[in-house]
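Novice: Spelled out, the chains give:
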Amino acid sequence: MRIVKALRGDTGGQVMLAVLLAVGILVPILSLAVPAASPWHVSTYTVTLLGKYLTYALLAVAVDLVWGYLGILSLGHGAFFALGGYAMGMYLMRQVGDRGVYGNPTLPDFMVFLNWPELPWFWHGFDRFWFAALMAILVPGVLAYCFGYLAFRSRVTGVYLSIITQALTYALMLAFFRNEMGFGGNNGLTDFKDILGVSLQADGTRAGLFIASALALALGYLASRYIVSSRLGRVAVAIRDAESRTRFIGYRVERAKAAIFTFSAMLAGVAGALYVPQVGIINPGEFSPLNSIELVIWVAVGGRATLYGAVAGALLVNYGKTVFTGIFPDAWLFALGGLFVLVTLFLPRGIAGLMTLRRAG
Amino acid sequence: MGGQVERWQYLNPGKTLAETLDISHQTLLYVEGVTVSFDGFRALNDLSFYVDVGELRCVIGPNGAGKTTMMDVVTGKTKPDRGFVFFGQSINLLELDEPRIAQAGIGRKFQKPTVFEQHRVIENLELAMAGDKRVWPTLFARLSGEERDRIDEVLTIIGLNEHAGRPAGALSHGQKQWLEIGMLLMQDPLLLLVDEPVAGMTHQEMERTAQLLLSLEGKHSVVVVEHDMDFVRSIAKRVTVLNQGAVLAEGSMDEVQHDPRVVEVYLGE
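From first to last, the protein sequence lines stand for chains A and B. Counted the way this note's numbering counts, the first sequence spans residues 1 to 361. Counted the way this note's numbering counts, the second sequence spans residues 1 to 269.
Hints were generated in silico from the structure; no laboratory data involved. Wrong hints could be hidden among the right ones.
Straight-line Cα separation of at most 20 Å, SDA-like style, residue types lysine to any residue; simulated pairs [as the list claims (entries may be wrong)]:
| # | chain 1 | residue 1 | chain 2 | residue 2 |
| --- | --- | --- | --- | --- |
| 1 | A | Lys-5 | B | Gly-145 |
| 2 | A | Lys-5 | B | Ser-48 |
| 3 | B | Lys-112 | A | Ala-242 |
| 4 | A | Lys-5 | B | Asp-46 |
| 5 | A | Lys-193 | B | Ser-48 |
| 6 | B | Lys-77 | A | Ser-154 |
| 7 | B | Lys-112 | A | Lys-5 |
| 8 | B | Lys-77 | B | Ser-48 |
| 9 | B | Lys-77 | A | Thr-11 |
| 10 | A | Lys-193 | B | Leu-17 |
| 11 | A | Lys-5 | B | Lys-77 |
| 12 | A | Lys-193 | B | Arg-120 |
| 13 | B | Lys-79 | A | Lys-5 |
| 14 | B | Lys-79 | A | Val-96 |
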């Protein structure tokens with residue numbers, strides 16, 4: 001009931017959820033039930049592409065929660081996304097079983113190649129889905145909590161905090177590039193076969209992953225909306241606008257920050273876990289600082305502190321990326337940079353700001 | 001000692017910090033021999049200063065006399081090099097951080113009005129309200145009927161009933177100052193520290209602020225730091241004059257005004 005109440009007045013969010021519901025039902029039907037010859041048919045390629053966009057949208061919601069409402073410009077949220085992705089990737093590797101190139105029933109191919117005698121301790125348990133799913137949430141959450149607890153307790157804010165989040169994801173990238181880490185080095189984890197016993201390549205599986213992504217986005221959005229419309233959400237905005245004042249009226253600023261930051265990292269982890277089975281690979285490139293910066297741009301384009309703007313921004317920029325990289329593959333980063341400059345200059349409140357402007361006018 | 005109260009609090013789980021307050025000697029705030037240096041400059045120099053329960057005290061002094069630093073020390077923003085600061089006889093404020101000091105019952109209004117501009121006036125009051133301010137309870141908090149009544153009551157005291165639904169950022173300068181005093185009242189503090197409440201106010205606004213502060217006397221102890229001598233004269237019973245980080249004189253407005261040392265450093269200008 002209170003979740004529904006949290007949506008009151010959030011027109012953008014209601015529209016977004018309605019569209020999401022429609023798309024979440026229509027796309028799988030058009031893909032599975034409509035024959036391939038029909039103009040209404042949606043190809044499996046498109047379903048997977050849309051599913052990928054939805055996981056990006058969830059990631060953008062996670063970033064908007066901490067940037068828009070808490071004032072923490074995290075330039076390292078890609079790290080939490082990638083960690084969630086690796087947890088899922090490890091499960092998918094174990095599902096390969098003896099169908100790898102080397103046919104080893106327990107060891108993934110890269111371990112056989114490196115002459116490892118047995119599975120490292122941290123790979124145990126990942127043959128079970130529930131365990132991997134739990135880790136996809138817990139690992140980013142625990143890392144975010146430890147990082148947040150230390151940073152916020154020392155009252156690191158603003159640019160300095162952004163820089164250390166950037167350093168965090170960069171350090172993880174370097175670590176995951178190393179073969180000794182046991183996560184497949186620079187090749188990462190790939191050549192997945194099955195998820196939950198069904199083939200990853202099957203059309204039905206792709207549709208199922210798409211539905212799961214839509215569902216995760218809807219639930220993540222509702223949970224985030226609940227938080228920002230609760231008193232804790234008002235405390236977050238108070239921290240963003242006047243941190244020391246918030247302390248003087250008796251709130252433990254560092255704890256509120258750590259809690260919301262952790263929740264956001266968990267959302268990012270879920271997004272990563274849904275992303276990996278759809279794109280079929282996870283490698284250290286996902287930790288690249290560039291990725292984290294790119295997703296901040298999605299939120300800026302969509303409009304900060306609206307949540308639904310983050311969803312719109314993520315979908316639009318990524319659609320643009322898909323189209324643009326098809327035409328001029330090398331020019332994408334220039335286009336992205338140009339977009340960021342234009343939005344900052346002419347649309348400081350993003351696409352969401354444009355909507356409210358039109359409603360007011 | 002305050003530290004022990006903190007440490008042994010688990011033996012007494014029902015009691016909050018505010019409930020362990022001991023004011024049997026009728027003195028609410030003890031500041032004793034406090035010295036604060038910034039890069040060799042002594043902002044406070046062996047300052048001793050006491051506030052009684054329920055009194056309204058004005059603190060005046062020239063720029064750099066240490067008025068704001070004194071408030072920083074009491075609210076936990078600055079830790080002194082030497083000295084004691086006690087709230088009642090039992091709570092050692094130097095061992096607590098800002099949120100705990102606020103929860104113990106000390107509210108502070110800053111020199112520059114700081115309200116949460118994006119939030120509506122009632123939301124500002126709601127956030128400031130005394131209560132459980134930990135993360136989980138805050139996430140699931142709902143306003144009870146009593147709490148709504150309390151907010152209405154404070155809205156009436158500060159005269160912002162009509163503006164309850166407006167964003168605080170849209171208020172005039174004077175209204176923001178009152179809202180901030182209202183936020184202090186929502187915290188239900190025993191001690192209010194009010195830094196330059198009438199800076200930049202019109203004459204009318206000043207009068208209303210004076211009435212507001214006078215109405216708080218008795219229920220709360222109020223320490224007002226102010227530059228405007230007319231305003232101080234209109235509310236003060238006891239005045240403390242600070243100069244160079246120490247108390248220069250203390251007494252009624254008349255006594256202080258005719259003290260030759262005070263005239264020399266401050267009023268004579």
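Novice: Against each hint, give a clear statement of whether it holds in the structure.
Specialist: Going down the list of hints, with the structure as the test:
1. Lys-5/A / Gly-145/B: holds, 19 Å
2. Lys-5/A / Ser-48/B: violated, 53 Å
3. Lys-112/B / Ala-242/A: holds, 12 Å
4. Lys-5/A / Asp-46/B: Measuring from Cα to Cα gives roughly 56 Å; hence the hint is violated.
5. Lys-193/A / Ser-48/B: Violated, at roughly 76 Å.
6. Lys-77/B / Ser-154/A: OK: Lys-77/B and Ser-154/A at ~14 Å, within 20 Å.
7. Lys-112/B / Lys-5/A: violated, 36 Å
8. Lys-77/B / Ser-48/B: With a Cα-Cα distance of about 18 Å, the restraint between Lys-77/B and Ser-48/B holds, given a limit of 20 Å.
9. Lys-77/B / Thr-11/A: Distance ~42 Å between Lys-77/B and Thr-11/A Cα, so the pair is violated.
10. Lys-193/A / Leu-17/B: Roughly 59 Å separates the two Cα atoms, so the pair is violated.
11. Lys-5/A / Lys-77/B: Violated - the C-alpha atoms of Lys-77/B and Lys-5/A are around 39 Å apart, more than 20 Å.
12. Lys-193/A / Arg-120/B: violated, 54 Å
13. Lys-79/B / Lys-5/A: Status violated; Cα separation ~44 Å.
14. Lys-79/B / Val-96/A: Roughly 60 Å separates the two Cα atoms, so the pair is violated.
Going through the hint list in order, the structure does not satisfy hints 2, 4, 5, 7, 9, 10, 11, 12, 13 and 14.
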